[in-house]
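Peer 1: Those sequence lines, one after another, are chains A and B. Residues 1 to 510 in full-length UniProt numbering are what the first sequence spells out, letter by letter. Residues 1 to 771 in full-length UniProt numbering are what the second sequence spells out, letter by letter.
Hints listed in this document are in silico derivations from the structure and should not be mistaken for laboratory results. If you're wondering where the values come from, they're calculated on a predicted model, not measured in any experiment. The beta carbon of each residue, even a glycine, is placed where N, CA and C say it ideally should be. Treat the hints with caution; some may be incorrect.
[Said to hold, decoys possible] Ranges between beta-carbon positions, derived for each pair:
1. A:R77 to B:D348: 23 to 29 Å
2. A:K101 to B:P411: 20 to 26 Å
3. A:P296 to B:C53: 29 to 35 Å
4. B:A339 to A:Y371: 49 to 55 Å
5. A:E70 to B:H646: 33 to 39 Å
6. A:S277 to B:D169: 18 to 24 Å
7. B:L200 to A:Q393: 54 to 60 Å
8. A:E70 to B:Q576: 45 to 51 Å
9. A:K372 to B:P411: 51 to 57 Å
10. A:E306 to B:R158: 38 to 44 Å
11. B:R95 to A:E91: 43 to 49 Å
12. B:M392 to A:E91: 58 to 64 Å
13. A:R77 to B:A602: 50 to 56 Å
14. A:N309 to B:R158: 56 to 62 Å
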Amino acid sequence: MAQRAVWLISHEPGTPLCGTVRFSRRYPTVEKRARVFNGASYVPIPEDGPFLKALLFELRLLDDDKDFVESRDSCSRINKTSIYGLLIGGEELWPVVAFLKNDIIYACVPLVEQTLSPRPPLISVSGVSQGFEFLFGIQDFLYSGQKNDSELNTKLSQLPDLLLQACPFGTLLDANLKNSLDNTNFASVTQPQKQPAWKTGTYKGKPQVSISITEKVKSMQYDKQGIADTWQVVGTVTCKCDLEGIMPNVTISLNLPTNGSPLQDILVHPCVTSLDSAILTSSSIDAMDDSAFSGPYKFPLTPPLESFNLCYYTSQVPVPPILGFYQLKEEEVQLRITINLKLHESVKNNFEFCEAHIPFYNRGPITHLEYKTSFGQLEVFREKSLLIWIIGQKFPKSMEISLSGTVTFGAKSHEKQPFDPICIGETAYLKGHPGHYTATWTTECAMSSEKLHFRILDYTLTGCYADQHSVQVFASGKPKISAYRKLISSDYYIWNSKAPAPVTYGSLLL
Amino acid sequence: GALGPTSGASCRLLPLLLGLDAGSDLGRGFVPASEQRPLQATACECLRELESCKPGLLGGSLGLLRGLLGQEGPVQPLSLLLALALRNTLVLQSRVGAGLGGLLTDKVPPTGGGPWDWTLVEEGDGRLQPQAPSWPAAEEGEGERSLTAREHSPEEARELRAAVIQLLDTSYLLTPVAQAQLLWLLGWALRGLQGQPPALFKPQLVRLLGTAQLTLLHAVLALKAAFGEALFTAQDEALLLRRLTLAAQHPALPPPTHLFYLHCLLSFPENWPLGPEGEEAAPLLLGPQLCRGLLPSLLHDPMALLARLHLLCLLCAEDEEEEKGQLPSPRHYLEELLAGLRQRAALDEGPRALATVCFQASYLVTRCLAGQPTVLTPLIHGLAQLYRVRPMLASHFVDFLDQVDSELREPLKVVLRQEVVSRPGRDEALCWHLKMLAKVADGDAQSATLNFLQAAAAHCTNWDLQQGLLRVCRALLRAGVRGGLVDLLQVLARQLEDPDGRDHARLYYILLAHLAGPKLGVALGPSLAPPALASSLVAENQGFVAALMVQEAPALVRLSVGSHGVKGPLPVLKLQPEALEPIYSLELRFRVEGQLYAPLEAVHVPCLCPGRPARPLLLPLQPRCPAPARLDVHALYTTSTGLTCHAHLPPLFVNFADLFLPFPKPPGGAGLGFFEELWDSCLPEGAESRVWCPLGPQGLEGLVSHHLEPFVVVAQPPTSYYVAIHLPPNSKLLLRLEAALADGVPVALRTDDWAVLPLAGDYLRGLAAAL
């Protein structure tokens, strides 16, 4: 259950080593146990240098993938989890839990309390999930509110002290490193009995509860026979409960209007004390019917001090917020593009921003452009072979807008132009960003598609909301309740309907 | 030292920590009240680490810890410490078959707060040992054993249950990761324990199933594996699977979590598993409907793609027949996906990773769906097409061919070969074509291959290309192609610009012209010796040296001297050969030390196999003087791999008695007269002696019949025997054995050769013992 070592490595492509170890820690008592448990199959924790090299090689983050290297490229070396065996000095160090996020590689080696040959099944190693949670915890800590490199450095310098608390002797006690930080500050406060370990102090002040619901809408639109367009809403409910008392009991409920779309695939925060079985079983796996549970969704809980994600959910709304149509045809030296976007009438027409990105991959820079648009402005990024159609805050009354034109490209110069393995030939996409009722739209061109980016404030597609009556507090004083909502686009693709596009199995189920 | 296990400091450490932990006066005196709790917690962590490294250390303090948890102590550190100590104690006691006794209720540690004797733990069974897997499926037998060993009295069982419930009840006060540890420890501790219903865990499960925490779901899976149906009914199992399926694709969770959940799905501890253990398989309850969201698409990153592809393959393998009416069929989807991957791999500027994924996916498919031509045939054609478009992936193809089964390899080789030879190359892809051809060329379609090579030869202007070309020639040589290849090699030996290439071609030509097919195959096979120099010719030569020269090898054949037969005019040694491995064309060469005999002929055996009895070998001896001798033996043979080996065998000994021959019978018949005549003829040139020949229990008669029977001329059993022995080349030895006593017989002997006398004496004295 313990970790033998942990590393944070910054990935620096283009430098000789392609990375630097920013932080590393080894746990000698755990290592001692590993030597006994693993017996003849024991492989010691390597020095930082060799570890860095082996890990970057395994993760394919070294710059040299010019040549075929059997130990990396062989078809039989298939890795299906983020858990690796690293070849170091002729021996294989396993299991190494590692992943790359925001240019930092997070890695640790969990203790396996038995011999490693034959290799025990991964699922039987308890340290693996602990390792993941540990790394996620560090990642949250480093990136919560972090904006620049110096802040990152400050946080990295705090790590040794924090790990002393959060992971003494290599055994993880709390993946929420912020708790440990608070703990250090709170140390002088006398803690009452039965204080939960995840709550490091008590709140003093005016009671208030804030609930914010953020929905992201994803979509894949093809406009093709035999392929269904797909879209999905993913919701995150974030709460902050400032309430007095050691363990205040709170029930938060989420409501849907009568025509709202039921919430599914609900995952809750561990502080939720019990769950209705209807919430537990409502799932997108089943075919939808009218009997689907449509709330209210009640979550009894004992809140932690800090802001937390009460739950995540998905939902299948009846229509996508923006229906797109994108055609791209190659005509001798130029591309002819036609785009139509239609905002659904039920959707709030008040974006924070909305733009469509129309990227052209695997081509040279844009040399010439002629276009006509019914609404909004078009920005041209010639070197990046990208068009951005800025739609702004509102769709016109008709709710429908269009863009058409021709684009000509220069010769492809190697390194610089964007490469995309999917957008080949006429395959292209447009990507939109519906955002806080301000939507960004991006159109990218994979097999040619556009991608929308947008954001709409105070709105959810499912209709899900929380209000003054959503919070029941079984403690003295009526808290002030504030609720927020927003809708953001994420991965909102509209594919060129004139070329093949990557489909998911779901799109084939008509 | 000061910190050794028996030092005073060490002895005081544990009571100190326990005291701090208990918040006793000891601790209070140390720190202000406000710091009491963190101090207690830290003491707990230290104790937990000690217990981890010395399991059983705190076995005596279980009662104390329980009491603390019930009162005021910090919940999380104490819970984890108690759970760990409890787990270790139960495991240790099951090992020695003991019960818990009053450990859970005693509030005072056995040492009564005095110094701790660390060595006790060492001596007991408390040493750190590789744990039995915490995951039970791996060792059912072990589980059975512990089941019987871990029986507790009703009293103990009740206390144990109370302790576990106490821990579980406060578990919601722990952080999620600590809760998960607690569940792992308790699940492990209670597994196979009689009288401890796993239903204790049930109240926690619904709460845990609703969360997105990786550690918590993983711990639930551990409980599932530990208790199976006792804790999870079929419906529970289905619910757990659904939650897992959902978590494996939930957009709110990070990709590494998805992958781990997907792995958990394919290794799901089912109540009633059907397939073989330890192999990844889709659980029975995970039908196509559930899997729908878990299928791969081109938009996934490589790891997710491969993990999901595996699931898709399992689905395809499963409903081979059923799916007919289903639209879209998973198999069709699989085909489309592979086609998409190949299309990406074919991109000119694509990074290598794209090609790697394509081949990994293809490999995965061939592994899961072997024997399904509907999948493999399009795969083969798709790959051939990929090669046509992007020959620079030749290395991937070669690797792929190395990894897959012959079911796919052979047809793929054929289409790839066609792909290469059907377009005579002068383009920049020539080096890839040659690399490919070196892998796929064999005896089939010779003329097309040779034509391609002939055409290519003109364009092979640099060393690299020439080497590539020669590698193909080499592959053809190995495959036994002869006809057109001779011409090609001759041309190459003249034409190639590079001297190294010319030498090579000439070498191959000479080999082809001089060696028979099988030998050639061996000579060109993988080199046995690692190349010492980078030069390819040198490296290759080492291979030839190994194959074409005689190797010194340990002896694979044993020889023993068999029973001695006397026929014919010369003594003959009967040898029994025995092989340790099949060997062929065995030639045995003998050399007599000291030239006592005339040089010996070599003996030939066509074939020897272990386990198959071989005919004895007869080795005629031509002594130059009648004396025993040592034969030096060498063996020369061919192994089944075609190597010729030379081995030095242990020497063989020719004994004095091995040289004995009877006298030819005179025309008048052998009788007393004949013997007397021989007897008299020995003197005066010869020698005479009398020797005492000890007799064993068998008596004189037995001795004679066993050793001297063929040489007896006159016999009056059981008292008197006259023996005449001819010793080649021309000596005689005559014996009179008369008037035997109980323990021996006096032997009068005469010989015409002085030198024989001591040998004969030794021989006779040794007879009784030799029987």
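Peer 1: For each hint given before, does the structure comply? Return the numbers of the non-compliant ones in rising order.
Peer 2: Structure breaks hints 2, 3, 4, 11, 12, 14.
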